[in-house]
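Residue numbers (the numbering used here), protein chains in the order written: chain V, 1388 to 1500; chain Z, 1282 to 1392.
If you're looking for bench data, these hints aren't it; they were derived computationally from the structure.
Note that the Cβ used here is the ideal one computed from N, Cα and C, for glycine as well.
Incorrect hints may appear among the rest.
[Unchecked claim] Now the in silico label distances, taken between C-beta atoms and shown as ranges:
| hint | chain 1 | residue 1 | chain 2 | residue 2 | range |
| --- | --- | --- | --- | --- | --- |
| 1 | Z | Lys-1333 | V | Pro-1470 | 41 to 51 Å |
| 2 | Z | Thr-1360 | V | Pro-1395 | 30 to 40 Å |
| 3 | Z | Pro-1302 | V | Gly-1440 | 22 to 32 Å |
| 4 | V | Gln-1404 | Z | Gly-1296 | 48 to 58 Å |
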Amino acid sequence: NAGVTQTPKFQVLKTGQSMTLQCAQDMNHNSMYWYRQDPGMGLRLIYYSASEGTTDKGEVPNGYNVSRLNKREFSLRLESAAPSQTSVYFCASRLELNTGELFFGEGSRLTVL
Amino acid sequence: DAKTTQPPSMDCAEGRAANLPCNHSTISGNEYVYWYRQIHSQGPQYIIHGLKNNETNEMASLIITEDRKSSTLILPHATLRDTAVYYCIVRSSNTGNQFYFGTGTSLTVIP
């Protein structure tokens, strides 16, 4: 039982390049989330998906797009990476939008040069 | 969601109880108190949550004051592996979508 799996774990990009962070959960959860964490700061919500087929903006959505591919998978895309997007990205899932605790992946460390 | 205030850092001797305070003076009646911790930049880990009553599980105890304006997370016998950043979060069961993590308390367990 892997829980929440994120790939890649590390990535270095040049300004303007694009990339997609992948997230998959095997807990049959309906809700999934993407957070970013900058040094010395707490986590900030980028986007979330309450259920398959729906996505909504969180606190800091600018510069990102998401896709809820199916119930298991929720991807985060940077279309044109900027140095300000250098961060650690965490994917999380939850049984329902209003139920249960968040389960987090191990994080994806992204550096934009 | 109610804002929380936590001390930025605390120390605790190994084997002693660690008591981590959290103020949430603007909490409303339907807002839960959640605690998570993050060990060395790993993904945050759920610890415990409560609404009004004190709660206990295998990891910790949560003490919520009668007026619900503050709470304390208690790790009964702290170990070196409990060194982490602890986040106190207050969120409503109605909003559903957002946990605001803040900057938390960095707990260092000292041998």
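Enumerated hints in conflict with the structure, sorted upward = Hint 3 alone not satisfied by this model.
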